[in-house]
Amino acid sequence: MSIELTGAEITIRCLQEEGVSHIFGYPGGAVLFLYDELFKQDKVKHILVRHEQAALHAADGYARSSNKVGVALVTSGPGVTNAVTGIATAYMDSIPMVIISGQVPTAAIGQDAFQEVDTVGITRPCVKHNFLVKDITELASTIKKAFYIASTGRPGPVLVDIPKDVTQQKTTFHYPSSIAMRSYTPVIHGDVQQVKKAVQMILDAKRPMIYSGGGVILNDASAELIELAQMLDFPCTNTLMGLGGYPATDRQFVGMLGMHGTYEANMAMQYCDVLIAVGARFDDRVIGNPKHFYSEERKIIHIDIDPSSISKRVKVDVPIVGSVSEVLRELIKLLKASKEKTDAHALQEWWRQIETWRARDCLKYDRASSLIKPQMVVEKLYEATQGDAFITSDVGQHQMWAAQFYKFNKPRRWINSGGLGTMGFGLPSAMGVQMANPGAKVACITGEASIQMCIQELSTCKQYHLPIKIINLNNRYMGMVRQWQEFFHGNRYAESYMDALPDFVKLAESYGHVGMRIDKPEDIEGALREAFKLEQQLVFIDFITDQTENVFPMVPGGKGLSEMILV
Amino acid sequence: MENEAGALSRVAGLFSARGYNIESLSVAPTEDPTLSRMTVVTTGSDEVIEQITKQLNKLIEVVKLVDLSNGDHIERELMLVKVRAVGEDREEMKRLTDIFRGSIIDVTDKTYTIELTGPSSKLDAFQQAIERSLVLETVRTGASGLGRGERILKA
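Chains as they are written, first to last, in the UniProt record's numbering: chain A, 1 to 567; chain B, 1 to 155.
Quick caveat, the hints were computed from the structure, so don't treat them as lab data. Here the structure is a predicted model, which means the values were calculated and not measured. Check before you lean on any hint, since a few could be wrong.
Computed cross-link-like contacts, DSSO-like style, restricted to lysine-lysine with a CA-CA straight-line distance of at most 30 Å [to be verified]: (1) A:Lys291 with B:Lys58; (2) B:Lys54 with A:Lys299; (3) B:Lys64 with A:Lys196; (4) A:Lys299 with B:Lys58; (5) B:Lys64 with A:Lys315; (6) A:Lys145 with B:Lys122; (7) B:Lys154 with A:Lys144; (8) A:Lys197 with B:Lys58; (9) A:Lys170 with A:Lys145; (10) A:Lys196 with B:Lys82; (11) A:Lys197 with B:Lys122; (12) A:Lys68 with B:Lys58; (13) A:Lys144 with B:Lys82; (14) A:Lys312 with A:Lys145; (15) A:Lys144 with B:Lys58; (16) A:Lys68 with B:Lys54; (17) A:Lys312 with B:Lys54; (18) B:Lys64 with A:Lys134; (19) A:Lys559 with B:Lys54; (20) B:Lys82 with A:Lys145; (21) B:Lys122 with B:Lys82; (22) A:Lys197 with A:Lys380; (23) A:Lys339 with A:Lys45; (24) B:Lys58 with A:Lys312; (25) B:Lys54 with A:Lys291; (26) A:Lys291 with A:Lys559; (27) B:Lys58 with A:Lys145; (28) A:Lys312 with B:Lys64; (29) A:Lys45 with A:Lys206; (30) B:Lys154 with A:Lys145; (31) B:Lys54 with A:Lys315.
Some chain B residues judged to face chain A by a derived CB distance under 10 Å, without partners named [said to hold, decoys possible]: (32) Glu2; (33) Gly13; (34) Gln55.
Distance windows between CB atoms, simulated [as the list claims (entries may be wrong)]: (35) B:Leu80 with A:Ser21: 23 to 33 Å; (36) A:Pro176 with B:Ser45: 40 to 50 Å; (37) A:Tyr175 with B:Asn57: 54 to 64 Å; (38) A:Thr137 with B:Leu80: 37 to 47 Å; (39) B:Ser45 with A:Lys462: 33 to 43 Å.
For each residue, glycine too, the CB sits at the ideal point set by N, CA and C.
Excised from the complex, chain A in its bound form (with noise of 0.2 Å):
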C-alpha cells in the first residue's frame, strides 16, 4: 500500500533520498509547486541567489569543492536562459550538477506560452545530457538518471525540465536504489595490454614529464599521482584545472604549464621524451600550436575517462581510458613488481636541464615598486590563510597570477572557470563553496571588471552570513583584454579601460559588508590579516594596482610552447 505523491513531492524526495543538502536557485511561475515542497521541509537547504546564472556558479562551487552533485533550480524561459552561462561553464570543465527547471505545462508547450523556451533545446550542445518529463511515472526514474549521469564517467551537468502540471499530478514515489542503461556504461578499468605498454615506455624514458589536469582533481586522484611521480621522481606539470592535484610545493613540481605556464614547465613538456597525461585534454591554451608541439619527437600515455579526448587534439601512443585514480593504482603495482629500473643517469641529467631553466625565474616582478603589484597580493594571500585556503576566481589576468602565485598543495583548493573563462565566476562560486565547507577560508580573487558581472550576490552573501573574502585587484582596465590590446593591437585600447567604477567599499557597506581600499604595497599584508581576523564578515578589499602589469611568461596564440615570451 503505497499512497499517491504529487510530481513536487516526488521531486523534493528524489533530491531528499541524493542526500542534496543545498539547492541553489531563484522562483517563478513554472517552479511555485516545487517550492511550495521545498517550504514544507527542511532536509533540502535552499539559497536563494539574486540571478540565475549564480545559481548554477553556486551550485558548481559547492561540486568542485566538495565531490558531490550540485544542484540548482530555476524557473521556465528567462530562468533558464540567464542559467545557460552557468551550464555552459559546469560543462566545460566536467562538474557534476543536476538541473531543475520548471516548464509551462505540457498542453502548453509549443504555443509560445509565456515564460515558454524550447529548454531542452537550448541546452543540448551544453550540457552532458537533458530530459523533459512528460510523464509523472517516469519522474523519480528519471531523476535518478540524471544523478547517476552527472556524477559517473567525465562528469557532467544534467538538466532536468519538469512541466507545470507535471508537478501537480499524482502517482505513487518509488525511489530505484540503482539504475542501469544500456545506452550508458562509463569504463573504469584501464586495458591491460596498454598499460603494461605503458609501464616499458616509463622504465625506458631518459626525458620523463608528467602532465595532470582536471581529471585528477574530479576523480579524487591526486593521492594516486603523487605516489606514481614520487616513486619515480618524475617532474610533474598541472594544468590551469589540475592545480592542487599534485602540491605546489614539492620540488617535483615545475608549475602550471600553457599559455601563462612556467618557463620550467612549457620548456620540459616540448622537450620531454615521454608524456604522461593523466586527466588532460591537451587543449589549445595548454600546447599552444599542435604543429610546433610535433616538432619534437616524444611519446604520448595519454589515460583518460573520456575515449573522446584522447587523440582529438594530439595524437598519442598509448591511449589509456579509464578511471584515472584506478589506472594509476594499476601502473604503480606493475612498476613496484617491475624488476627493470628507470634510467637514474638520464633522470638526472634531465632533472639538471629543468633546474637551468627554473632558474631563469620566469614569476620575478617588480618587488620594489612603490605600486602594488598583483602578484604580490596573491602571494601575501598565501602566506595569510598558510596556503589552506578555498581560492576562486573570476577570469583574467588576475585569474592567471591566483593560477602563478597561490601555491595549491591540495586537490579542490583552486576552483576556477577554465574551459569556458566565465567572468562572473567568482563570487557566486565562492558561495557554493562556503556552503560545502563551512568555517572554512575562502577568498574570492576578481578584478574590478569581472566582480561586477555578479555583484549583486553580495546581497545573498550577506542574507546567508557568508564571510568570503574578496580580493579586488583593481587596475581600472579588462586587464588581460588591455594585455593583448598591448601586445598585438598597437596600443590601442578599445573599450578595455573601466569607466565610472563604483566606490567599492561604499557599495560593500550598503549591502552590510566590511569594504577596505587599499593602495600601498606595505598595507597589504595588514590588510589581508584584519580582514581575515573578521570571521564572520564578508570583507571586500578593493586593491589599487598596477594598471601596466602584464602576465609572464606568455605563449602568444599560434606559437609553441618553446616561444614564450619572458618579462
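Based on these hints, arrange chain B on the given structure of chain A.
Coordinates of chain B only, in the frame set by chain A:
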C-alpha cells in the same frame, strides 16, 4: 539508439556543432520498438571519422555504433522521381527505368513517378542518365546499411 524524442536532434546537433558533414541520415524504429536504427553517411579524414565515432558514442542515447565501411556491407537507398513523360520521352523513360531495374509506380497522361532502389551510386547514375529538364521532382531517403554475412549490430 534509444527510440526517444530528441535523440535525432542530438545527433544532428553534434554534427553541426563540431563542424562535421552529414551527407545523409536515415532513421526508423527497429523490430524492438524501444530502439531506432540510424544510418549516417559522412566524409572525413581518418582522424575526423575517429572523432565522429567517439563523439557519437558519447551521446547518452546511442546504444551501439559501428563504422560499416570498415568491413563488407550492403547499402541501399530509395529514390522517387517524378518526370515529365509525353511523346517520345514517355517510351524513353520506361526503357531507362527498366534498364535500371526501377518501376513506375504512378502514372498520369503527362507524368511518371519512378521508384528506384540501390546503392547511392546507382541512383546517381540514373539521375545522370535521364534528361534533366524532364525531372519535376526528386526525393531520396539517404542510405541504409547492414554488415554483410553474419556480422550484426546488436545492443
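Broken hints, by number: 6, 10, 11, 13, 20, 22, 23, 29, 35, 37, 39
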